[in-house]
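Chemist: So you can see what is in the structure, the chains are spelled out below.
Number of protein chains: 4
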Amino acid sequence: MFQIEIEPGFSDTDALGHINNTRLPVWFENARKPVFQIFTKTFDFERWPLILAHLSIDFLGQIYFNKMVTITTEIEKIGNSSLTLRQCAWQSEQCVASSSAVMVYFNYESNSSKSIPDDIRKKLLPHLIHKPD
Amino acid sequence: MFQIEIEPGFSDTDALGHINNTRLPVWFENARKPVFQIFTKTFDFERWPLILAHLSIDFLGQIYFNKMVTITTEIEKIGNSSLTLRQCAWQSEQCVASSSAVMVYFNYESNSSKSIPDDIRKKLLPHLIHKPD
Amino acid sequence: MFQIEIEPGFSDTDALGHINNTRLPVWFENARKPVFQIFTKTFDFERWPLILAHLSIDFLGQIYFNKMVTITTEIEKIGNSSLTLRQCAWQSEQCVASSSAVMVYFNYESNSSKSIPDDIRKKLLPHLIHKPD
Amino acid sequence: MFQIEIEPGFSDTDALGHINNTRLPVWFENARKPVFQIFTKTFDFERWPLILAHLSIDFLGQIYFNKMVTITTEIEKIGNSSLTLRQCAWQSEQCVASSSAVMVYFNYESNSSKSIPDDIRKKLLPHLIHKPD
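Residue numbers (my numbering), protein chains in the order written: chain A, 1105 to 1237; chain B, 1105 to 1237; chain C, 1105 to 1237; chain D, 1105 to 1237.
One thing to keep in mind: the hints can contain errors.
One copy or any two copies: either way a pair holds, since identical chains are not told apart in the list.
Here are the simulated DSSO-like pairs of lysine-lysine, each with C-alpha atoms no more than 27 angstroms apart in a straight line [to be verified]: (1) 1227 - 1171; (2) 1181 - 1171; (3) 1145 - 1171; (4) 1137 - 1218; (5) 1171 - 1137.
Calculated directly from the structure, the hints in this document are not laboratory data.
Chain A extracted, bound-state conformation:
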């Protein structure tokens, strides 16, 4: 499981006095960085390894300014060329937003997906929610 800490900024609030829903996709993207790091060490934009194919978020509770937020990231499924991640935003020990993200291992030059190589697959396995038997 990966974990990052976020301090909500004042510009993340909206006129309802809580954090605006559109900030969650940004926080979840930031929290996926350690997964990227398994695919690329250099973060070379010319050889970017993954694209986001799908994102879904369930908003489970209000999120407030002036309280830290923790984002957890786990791998739900490793497919042939794709990854399904499960993420949660936690505040005051409650999961206030849960998210599912599908990322595809991708070759931008040929504009097509690629099989995830075995050496990367091995590094992903420890982060699976349900470990294979």
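Chain A is fixed; fit chains B, C and D onto it per the hints.
Modeler: For chains B, C and D alone, kept in the frame of chain A given last:
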């Protein structure tokens, strides 16, 4: 069907040279404003009528700077106290991102959902994708 | 004078119930696009012509959701390799934020400024606030 | 001197491959939070103590993804009802953006500025760049 036009800004791009995925939830939220307007004429923040319970986005194609984007919004389902919307971001006549959003008619003071009243329901009906027989 | 219209989004508001100050630099950047267009027709990121060297903003009034904003852009000064722009955000016929931006004509490859060529200079002149005699 | 650490997010980059200038005002706002904390302990939005009257930024160098940024905040001047702050964004031990911000001690209800009380003034003094003799 509701429709708004968006001109992508330069700060909406990312280092991959296209529009960053986190901008889509913002554009989709802006495109839901006409639906809000059916629930509230005054946009009084103290009596905000809807909360976003769920958002999912399928990213179907890259979105580019310097080309207009159209966001379409239709109602997929009107439940007792919730609405399911179907939205699309179009660029160069292609749906580059499609989205589903569930909004709940909500009373912030009692912190609970409410039944959508008949007069609002009537105004929503013309925007249903599949009209009832 | 260049002019664009902006419809504030709900995520542009903050917990004080007005538009957050950090949105203004985004709107001003978007409003400088027609000036960029004089320097580049293709918006080729590999040959980006200008960098922002300085930005200052005076916040003169509150900006509200659900009212259109107009951004005006004029050229205050054309230097050898730089441009000074004067911009205003208008809402309800009041200038609610005024801004000064200095942009430098720049060669990213050599990492140095360049003299603005005469043909570009000619196209900039009509947008000067104070026309030369 | 106040100090916060920022990890640039991928959505903070733009198509030029560096951090977009419009993110700096957000980071500087976040870095002013400890100054707010001297004026308010509760961060009650109904009794918000300060408004931003002026912001200026000099962009001194490019800012990159995948490297931490430090924002420093010092007080340059304490006026009767206003504060002038000096802020810097540091990356790789270089000040890549310096900023000046004027904040006014403000009563939102009467829509007017107020004198900064002595007890707050005392708590601000240690953060002055140039200490009074």
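Chemist: All hints, please: hold or fail.
Modeler: Verification of the supplied hints:
1. Only between protomers do residue 1227 and residue 1171 lie at most 27 angstroms apart by alpha-carbon distance; the minimum there is 23 angstroms, versus 33 angstroms within a single protomer.
2. Within a single copy, residue 1181 and residue 1171 get their C-alpha atoms no closer than 32 angstroms, and across copies no closer than 30 angstroms, so neither meets the 27 angstroms cut-off.
3. For the identical chains of this complex, residue 1145 and residue 1171 are inter-copy neighbours only, at 13 angstroms across copies versus 32 angstroms inside a copy, given an alpha-carbon limit of 27 angstroms.
4. For a Cα distance limit of 27 angstroms, the shortest separation of residue 1137 from residue 1218 inside one copy, 20 angstroms, qualifies, whereas the shortest one across copies, 38 angstroms, does not.
5. With identical chains, the CA atoms of residue 1171 and residue 1137 are at most 27 angstroms apart both within one copy (22 angstroms) and between copies (13 angstroms).
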